[in-house]
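Assemble the complex: chain A is given as a structure, and chain F must be docked to it using the hints.
2 protein chains.
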Amino acid sequence: MPLKVVVIGGVAAGPKAAAKIMRLDPTAEVTLLEKGQFISFAGCGLPYYVSGVVKEQKDLMSTPIGVRRDPAFFQKVKNVKVLTETEALEIDRARKRIRARRNGAAEDFWLDYDKLVLATGARPVIPPVPNATLANILTLHSVADADAIKARLARNHGRDVVMIGGGLIGVETVEALVQCGCRVTVVERLPQILRMLDWEMARLVEQHMEAHGVQVMTHTEVQAFEGPGQVTGVVTNRGRLPADLVVLGIGVKPNVELARQAGLEIGPTGALRVDAGLRTSDPDIYAAGDCAESTDLITRQPCYVPMGSTANKQGRVAAINVCGGEDRFPGVLGSTVCQVFDFCVARTGLTEAAARQSGYAPVTVLVPDADRAHYMPTARPVILKLVVDERTRKLLGAQAVGPGAGDKRMDVAAMAITAGMTVDQLSKVDLCYAPPYSPALDNLILAANVARNKLDGLLHGLTASEVQQRLEARADFVLLDVRSPAEHQQERLPGSTFIPLGTLRARLDELPRDKEIVTFCKASLRGYEAARILQGAGFPNVRVMDGGLAAWPFAKLSG
Amino acid sequence: MPLKVVVIGGVAAGPKAAAKIMRLDPTAEVTLLEKGQFISFAGCGLPYYVSGVVKEQKDLMSTPIGVRRDPAFFQKVKNVKVLTETEALEIDRARKRIRARRNGAAEDFWLDYDKLVLATGARPVIPPVPNATLANILTLHSVADADAIKARLARNHGRDVVMIGGGLIGVETVEALVQCGCRVTVVERLPQILRMLDWEMARLVEQHMEAHGVQVMTHTEVQAFEGPGQVTGVVTNRGRLPADLVVLGIGVKPNVELARQAGLEIGPTGALRVDAGLRTSDPDIYAAGDCAESTDLITRQPCYVPMGSTANKQGRVAAINVCGGEDRFPGVLGSTVCQVFDFCVARTGLTEAAARQSGYAPVTVLVPDADRAHYMPTARPVILKLVVDERTRKLLGAQAVGPGAGDKRMDVAAMAITAGMTVDQLSKVDLCYAPPYSPALDNLILAANVARNKLDGLLHGLTASEVQQRLEARADFVLLDVRSPAEHQQERLPGSTFIPLGTLRARLDELPRDKEIVTFCKASLRGYEAARILQGAGFPNVRVMDGGLAAWPFAKLSG
Numbered sequence: 000m001p002l003k004v005v006v007i008g009g010v011a012a013g014p015k016a017a018a019k020i021m022r023l024d025p026t027a028e029v030t031l032l033e034k035g036q037f038i039s040f041a042g043c044g045l046p047y048y049v050s051g052v053v054k055e056q057k058d059l060m061s062t063p064i065g066v067r068r069d070p071a072f073f074q075k076v077k078n079v080k081v082l083t084e085t086e087a088l089e090i091d092r093a094r095k096r097i098r099a100r101r102n103g104a105a106e107d108f109w110l111d112y113d114k115l116v117l118a119t120g121a122r123p124v125i126p127p128v129p130n131a132t133l134a135n136i137l138t139l140h141s142v143a144d145a146d147a148i149k150a151r152l153a154r155n156h157g158r159d160v161v162m163i164g165g166g167l168i169g170v171e172t173v174e175a176l177v178q179c180g181c182r183v184t185v186v187e188r189l190p191q192i193l194r195m196l197d198w199e200m201a202r203l204v205e206q207h208m209e210a211h212g213v214q215v216m217t218h219t220e221v222q223a224f225e226g227p228g229q230v231t232g233v234v235t236n237r238g239r240l241p242a243d244l245v246v247l248g249i250g251v252k253p254n255v256e257l258a259r260q261a262g263l264e265i266g267p268t269g270a271l272r273v274d275a276g277l278r279t280s281d282p283d284i285y286a287a288g289d290c291a292e293s294t295d296l297i298t299r300q301p302c303y304v305p306m307g308s309t310a311n312k313q314g315r316v317a318a319i320n321v322c323g324g325e326d327r328f329p330g331v332l333g334s335t336v337c338q339v340f341d342f343c344v345a346r347t348g349l350t351e352a353a354a355r356q357s358g359y360a361p362v363t364v365l366v367p368d369a370d371r372a373h374y375m376p377t378a379r380p381v382i383l384k385l386v387v388d389e390r391t392r393k394l395l396g397a398q399a400v401g402p403g404a405g406d407k408r409m410d411v412a413a414m415a416i417t418a419g420m421t422v423d424q425l426s427k428v429d430l431c432y433a434p435p436y437s438p439a440l441d442n443l444i445l446a447a448n449v450a451r452n453k454l455d456g457l458l459h460g461l462t463a464s465e466v467q468q469r470l471e472a473r474a475d476f477v478l479l480d481v482r483s484p485a486e487h488q489q490e491r492l493p494g495s496t497f498i499p500l501g502t503l504r505a506r507l508d509e510l511p512r513d514k515e516i517v518t519f520c521k522a523s524l525r526g527y528e529a530a531r532i533l534q535g536a537g538f539p540n541v542r543v544m545d546g547g548l549a550a551w552p553f554a555k556l557s558g
Numbered sequence: 000m001p002l003k004v005v006v007i008g009g010v011a012a013g014p015k016a017a018a019k020i021m022r023l024d025p026t027a028e029v030t031l032l033e034k035g036q037f038i039s040f041a042g043c044g045l046p047y048y049v050s051g052v053v054k055e056q057k058d059l060m061s062t063p064i065g066v067r068r069d070p071a072f073f074q075k076v077k078n079v080k081v082l083t084e085t086e087a088l089e090i091d092r093a094r095k096r097i098r099a100r101r102n103g104a105a106e107d108f109w110l111d112y113d114k115l116v117l118a119t120g121a122r123p124v125i126p127p128v129p130n131a132t133l134a135n136i137l138t139l140h141s142v143a144d145a146d147a148i149k150a151r152l153a154r155n156h157g158r159d160v161v162m163i164g165g166g167l168i169g170v171e172t173v174e175a176l177v178q179c180g181c182r183v184t185v186v187e188r189l190p191q192i193l194r195m196l197d198w199e200m201a202r203l204v205e206q207h208m209e210a211h212g213v214q215v216m217t218h219t220e221v222q223a224f225e226g227p228g229q230v231t232g233v234v235t236n237r238g239r240l241p242a243d244l245v246v247l248g249i250g251v252k253p254n255v256e257l258a259r260q261a262g263l264e265i266g267p268t269g270a271l272r273v274d275a276g277l278r279t280s281d282p283d284i285y286a287a288g289d290c291a292e293s294t295d296l297i298t299r300q301p302c303y304v305p306m307g308s309t310a311n312k313q314g315r316v317a318a319i320n321v322c323g324g325e326d327r328f329p330g331v332l333g334s335t336v337c338q339v340f341d342f343c344v345a346r347t348g349l350t351e352a353a354a355r356q357s358g359y360a361p362v363t364v365l366v367p368d369a370d371r372a373h374y375m376p377t378a379r380p381v382i383l384k385l386v387v388d389e390r391t392r393k394l395l396g397a398q399a400v401g402p403g404a405g406d407k408r409m410d411v412a413a414m415a416i417t418a419g420m421t422v423d424q425l426s427k428v429d430l431c432y433a434p435p436y437s438p439a440l441d442n443l444i445l446a447a448n449v450a451r452n453k454l455d456g457l458l459h460g461l462t463a464s465e466v467q468q469r470l471e472a473r474a475d476f477v478l479l480d481v482r483s484p485a486e487h488q489q490e491r492l493p494g495s496t497f498i499p500l501g502t503l504r505a506r507l508d509e510l511p512r513d514k515e516i517v518t519f520c521k522a523s524l525r526g527y528e529a530a531r532i533l534q535g536a537g538f539p540n541v542r543v544m545d546g547g548l549a550a551w552p553f554a555k556l557s558g
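As given, the protein sequences belong to chains A and F, one line each in that order. Using numbering that gives the first Met the number 0, read the first sequence as starting at 0 and increasing by one per residue. Using numbering that gives the first Met the number 0, read the second sequence as starting at 0 and increasing by one per residue.
The shape of chain A in the complex, shown without the other chains (with noise of 0.2 Å):
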């Protein structure tokens, strides 16, 4: 008897899975339902595809030699039966079948199964307010969905869009948005765009929108959408916002209520439980992608962190253990990298705010620096924030924000903690170095090394946060600029006295030793040598600003 599989779900973990059970069983027999018009299409690249940097809706979803992965190709390539426009609409668990129907179809069907992949997905949140529902308030999930967005945008081309929601999504179709030549404003409820990273690292991304066009408003709650008819505005507790278009990007929640129904066990995110097998609570039932719970590597929590990765290596875990093999998927890291105009923004392991919340008394450190060989005219500046646990000098989290090669050190820094390796470990790998490709010491190699100073009591940091109360406080404290002149001459701290560091050993007499000093400089390595010979001298209070003036996130002199 061949094995029956039923694979409902057919953007990313479906079809993976159904490929790979026919590559590892050819006499099984496979059949995908996909409630929606296409298959295999990659949902990552629509914010691509609505910039028109993607040029065709066929683009997403091809072959990378240009051939449609549309049903026919399954069929041929993979003897997979696809069925599209198709929603599976109950789990017979007892006897082991599903009940679907095609779209428009009058009666309903019935598929048996052995075994049962669940890739059902997830879907848009809309929020709960007023007038949610008007033309012309869309989210950003289908194909569907963007060619609605591009045919909107080619009609109001230039005119007023609200992104509701600052997250990654949210990010990404905004710089699409503004390529469109659209006036962008982002609204959050929260503190910060971009969750993902810890607020100061958020807020370098929210100016470098700033600085693209984008009217960034955090701490904005939307109560209400205006119409009739078509949206025409955003109306939030720090008032009415014009809008010929909103998007929503507030994120995505599991689609569980097929298996809901069923009885299967959901978590405690909202997506469906699953062991390290991906099985459910029914032994014959998968789960894969994006209706699936995962479990964090750090905290070992449950956690939901839907991802176009995560989905294809659980389609795969999945499938292999549907042919009675035995693969585990370990759970993530909440690794995230997005695109925002030039700036690549990444983030892997646990955020500062996240490590606080999961009990580790996290030292943190803020390292700008170039990406490559600082004399090569290709080098970019990046900013590494490292989160490592005080206790056992294991790194927990990094982020990465900056035009510079962030991606490739967050990608190193999620093995460092997917290894468990200190930061005394990483400050000795052996990473590739040569000029057009990472500086002598690589960004991430530096970063440990600060973090090492820090847990060594070599380096006390304050951050640009707490320098920045002290100074709305003003505090009795000096805030040590120790750049060249040419740099304090271009832009400075308000309230800075100003020692250049080759002059530092000389001026010593200048500095009360009875008052805190706060070092800094461009990247506050300078401001670290200035702190070693201020605390050589015999200094009782010195710190060093984390992140220097690259990192500085609020408002400084220049000119």
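Hints may be right or wrong, so weigh each one.
A short, non-exhaustive set of chain A residues, derived as facing chain F with CB atoms under 8 Å [stated by the list, open to error]:
| hint | residue |
| --- | --- |
| 1 | 260 |
| 2 | 263 |
| 3 | 267 |
| 4 | 421 |
| 5 | 535 |
Here are a few chain F residues that sit away from chain A, every Cβ distance over 12 Å (derived from the structure) [stated by the list, open to error]:
| hint | residue |
| --- | --- |
| 6 | 78 |
| 7 | 86 |
| 8 | 103 |
| 9 | 220 |
| 10 | 256 |
| 11 | 274 |
| 12 | 330 |
| 13 | 335 |
| 14 | 491 |
| 15 | 497 |
| 16 | 552 |
Please keep in mind that the hints were generated in silico from the structure rather than gathered at the bench. From the three backbone atoms N, C-alpha and C, an ideal C-beta is built for every residue, glycine too.
Okay, now just chain F, sitting in the frame of chain A:
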């Protein structure tokens, strides 16, 4: 009593150690001796200075904000006393002092030390053949070397340059020479350039260099240089090559004469033997950088891999231990990257050849793919090779060749090797994904999955060399091209049978069941799919050609 430290050598490890010692112990007295004119210069940047990518000499020896790292800078900022053009002549270990002489000075002088750091570096190997000292036979090791080459190029623009040695410095310099308009020939004694790679990967680099007009002569031994006075030709076992300029790039050897005279232990590689704390056989003498031996993290054997990145890390470790701390330098993986025109060429860990030599039974995969979502216009191909231990399934090594971002994947691979990860673990790591940065399944994860398929007996590979041998021997086998008609039209392998993958299930009768069938496509993912179809249909002897047409290192038929 302040700690007296002498550091010998002022390029990378020396200045790093000296500066770090002063930050750790501001009361220390550190003297750095450098026999050359310059200190703290970026030796790895010299090829880019020759090509003009780096505009000025001072760029190689300045801080990121343009302050020259000269003796005055080290005195003012670091409180390190630097003596340039001063050679250390003798280590008197009994009395813990150094005899040195300043260039042109009449007399030597003595310097006492409590701790000594040897960072004497390495020097280029000069081939032991007649006339190797003729004018215009140059190395590229110092700033003076680079200036000498630049001066020759200014006079000999467009003339014949012979590069002796196809190693790392060789290929980096070749690009600089071609960009200066020279006709360049690379002469390499071995069957391949770039021994950091396995043969078939190096061959792809050779082809790329040849496409840029470089003549690459492997299996070619230099027998003599022709003069008189100035070099006019290079005599090899494969004939005479005209030469207006010869650049020697056959590697470096460590400068250990001073240490050897002092009775310090030299390791089997010819470099200074050190323990994990970088102590030599004299516990008050440390060695760091290009003069020191290291440990291969995989084989645990002594190795000599001089690298600017390692020198910087080791300088820091030596400094910590000089100051009474306990830091360790665990060893290296031989991680290497270089830019060859628009190719990124990188390696970490053991090559297949080295793995065999070390007694491993390696399983290898060769996986070409786009370095980001294939529908993004910025996507570039990169070919990855993985070397995996068949017994433990651990990653032993990885190589990358192509215009895509191989450096990122090699850094991640270096982390996997350092952590002792199996390919099964590697295939699940949570790397950052977004279309502008990687495919949904990162290249390295895809390659790990291919390796798992091989280890699990699902995929039986055959290397391009083995296929070529069968073709040359006119073996009775089927070389099955399963690409699309358009691709087949464009270029083909000689003697191949053509059945597109989409039609294969319907045309199985056309294939003989009693012969070996070797499938391939562009990258070999469709080749694998085809092989699974054939195996599923009962064909007993099916293999997939590793790397497909994208990695084929021999001649193709085109048009």
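These are the hints, each one checked on the structure:
Hint status for residue 260 of chain A: violated, given a least beta-carbon distance of 30 Å to chain F, over 8 Å. A hinted interface residue such as residue 263 of chain A counts as satisfied when its beta carbon comes closer than 8 Å to some beta carbon of chain F; here the least separation is about 24 Å, so the hint is violated. Below 8 Å, beta-carbon pairs count as interface contacts, and residue 267 of chain A has none with chain F, the closest being about 20 Å; its hint is therefore violated. Of the supplied interface hints, the one on residue 421 of chain A is violated, with its beta-carbon coming no nearer than about 12 Å to a beta-carbon of chain F, more than 8 Å.
At a threshold of 8 Å, the smallest CB-CB gap from residue 535 of chain A to chain F is about 3 Å, leaving the interface hint in force. Its beta-carbon lying about 7 Å from the closest one in chain A, residue 78 of chain F breaks the requirement of being farther than 12 Å from that chain. With a minimum CB-CB distance of about 25 Å to chain A, residue 86 of chain F clears the 12 Å threshold, and the non-interface call stands. With 12 Å as the threshold on Cβ separation, the claim that residue 103 of chain F sits away from chain A holds: the shortest Cβ distance comes to roughly 29 Å.
Listed as outside the interface, residue 220 of chain F is consistent with that label: its C-beta sits roughly 28 Å from the nearest C-beta of chain A, beyond the 12 Å cut-off. With a least CB separation of 26 Å from chain A, residue 256 of chain F remains clear of the 12 Å interface cut-off, as annotated. With a least beta-carbon separation of about 15 Å from chain A, residue 274 of chain F lies farther than 12 Å from that chain, consistent with its non-interface assignment. Residue 330 of chain F, annotated as away from the interface, has a beta carbon of chain A within 12 Å; the closest lies near 8 Å.
Residue 335 of chain F, annotated as away from the interface, has a beta carbon of chain A within 12 Å; the closest lies near 6 Å. Distance check for residue 491 of chain F against chain A: the nearest CB is about 15 Å away, which clears 12 Å, and the non-interface claim stands. Every CB of chain A is more than 12 Å from the CB of residue 497 of chain F (nearest about 15 Å), matching its label as outside the interface. Here residue 552 of chain F stays apart from chain A, with its beta-carbon at least about 21 Å from theirs, past the 12 Å limit.
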